[in-house]
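Starting from the structure of chain A, add chain B where the hints point.
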Amino acid sequence: MEFITFAESTLNLLGFVVGLILGIFAYIGFRNTGSPTLFRLNISFFSISVGFGVVGFGYMIESLVLGYVKTDTWIQTLGIAIQTVGYFFIAFSHGIKSFFPKSRYFKSIMAPLFLIPANSIEHIIRSISFILLVYGTIETIMSYMENRNRNTIFVATGLGLLALGEFLGWYSIVFPKSVLYFISVSTKIVGLGALFVPISQVPLRGGPRFGNNI
Amino acid sequence: MAITYRTHMSIIGDILSTTRDEIPDESGASVTYLIRKANISYARLSKILETLVSQGLLEQTSSERACKYRISEKGRDFLQAYRGFREFADSFGLRI
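Protein sequence lines, in the order shown, are assigned to chains A and B.
Residue 38 is where the first sequence starts when you use the working numbering, and the numbers rise one by one after that.
Residue 137 is where the second sequence starts when you use the working numbering, and the numbers rise one by one after that.
No wet-lab data here; the hints were simulated from the structure.
Idealized CB from N, CA, C, for every residue including glycine.
There's no promise every hint is true.
What the hints assert, rightly or not - From chain A, some residues computed to sit far from chain B (all C-beta separations above 10 Å): (1) Thr42; (2) Leu57; (3) Ala63; (4) Leu75; (5) Gly90; (6) Ser100; (7) Leu101; (8) Ile168; (9) Phe191; (10) Leu201; (11) Ser215; (12) Val216.
Claimed, not checked - One side only, chain B facing chain A, incomplete, derived with CB under 8 Å: (13) Met145; (14) Ile147; (15) Gly229; (16) Arg231.
Bound-form chain A, shown alone (with noise of 0.2 Å):
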């Protein structure tokens, strides 16, 4: 097994850890208040994480038990589809709070990221992520700007850095051999660090399950 290929895969693992952490906690709060809102997280944090999961074991699995020298591009796109699904959760439980310009300019910025990789599903997947992780962060910057708290910051910036590790990762089609790849990953695990701050400030108790019912 390749260095570089063991590293990809114990960060993807890592992202799985963390999400998966990340999820439990949204579960634990849908469990106790049966919000809506705190459904969407669980659903999300699971998806992101179980996107890692599939890259990270898939890429173990082909290399330490299949033995083989190159891994499989599927197991790379499956996982990217199952985080869009997570970041589309987070993305949109803002609502459409803001819209976005009709500005032929603006189109005109956007439209490549569309365009060029029209050739791969991976990349189209990897734009849509990056895409709704932008949207994700104006709209919690924007939130920031109403409500104030510190934590906002972190998930922003969180949600930020996943942002620019889908662009770098969507990128590494101009450098496929580069190290691109790796600092993607790595970037994304940062971002998802930083929205572990907010946990980090909640005391994790038992409590009463009240589910649906109230």
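Here is chain B on its own, set in the frame of chain A:
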């Protein structure tokens, strides 16, 4: 400025907070007092109070003149958990 409506959960949080922190006397808060503090209609409050009592979050105490409501130990736990998760959702710019 955009109008933001309270969610059902935040109304419950307001009611529980009132019965915990702002009750006028030991026997609890009256319906009139809760209507004023939680700022909701009688019909909606009645339904929520019924649910909260059946779930064991509020205790109903009957005085000579009217029913009063007091937060239970389970309600205190719920309120604490609710505030923690509200803080979590706030961090994402979301409301629970």
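Going down the list of hints, with the structure as the test:
1. Against the 10 Å criterion, threonine 42 of chain A stays outside the reach of chain B, whose nearest CB is about 34 Å from its own CB.
2. The Cβ of leucine 57 of chain A lies farther than 10 Å from every Cβ of chain B, with a closest approach of about 16 Å, so its non-interface assignment holds.
3. Remark: the non-interface label on alanine 63 of chain A conflicts with the geometry, its nearest Cβ contact in chain B lying 8 Å away (cut-off 10 Å).
4. Not every beta carbon of chain B lies more than 10 Å from that of leucine 75 of chain A, the smallest distance being close to 6 Å; the non-interface claim is violated.
5. The beta carbon of glycine 90 of chain A sits about 22 Å from the closest Cβ of chain B, which is more than 10 Å, so the claim that it is off the interface holds.
6. At roughly 36 Å, the least C-beta separation between serine 100 of chain A and chain B is larger than 10 Å, which holds for a residue marked as non-interface.
7. Every beta carbon of chain B lies more than 10 Å from that of leucine 101 of chain A, the smallest distance being close to 37 Å; the non-interface claim holds.
8. No Cβ of chain B comes within 10 Å of the Cβ of isoleucine 168 of chain A; the nearest lies about 18 Å off, and the non-interface call holds.
9. Phenylalanine 191 of chain A, annotated as away from the interface, has a beta carbon of chain B within 10 Å; the closest lies near 7 Å.
10. Against the 10 Å criterion, leucine 201 of chain A stays outside the reach of chain B, whose nearest CB is about 19 Å from its own CB.
11. Residue placement check: serine 215 of chain A keeps its beta carbon more than 10 Å from all beta carbons of chain B (closest about 33 Å).
12. No Cβ of chain B comes within 10 Å of the Cβ of valine 216 of chain A; the nearest lies about 31 Å off, and the non-interface call holds.
13. The beta carbon of methionine 145 of chain B is positioned within 8 Å of a beta carbon in chain A (closest approach about 5 Å), and the interface hint is therefore held.
14. This hint is violated: isoleucine 147 of chain B has a C-beta 11 Å from the nearest C-beta of chain A, more than the 8 Å allowed.
15. Interface hint at glycine 229 of chain B: satisfied, since its Cβ lies 3 Å from the closest Cβ of chain A, which is below the 8 Å cut-off.
16. Annotation: interface hint on arginine 231 of chain B holds; nearest CB of chain A at approximately 7 Å, less than 8 Å.
Consistency note: the structure conflicts with the earlier hints numbered 3, 4, 9 and 14.
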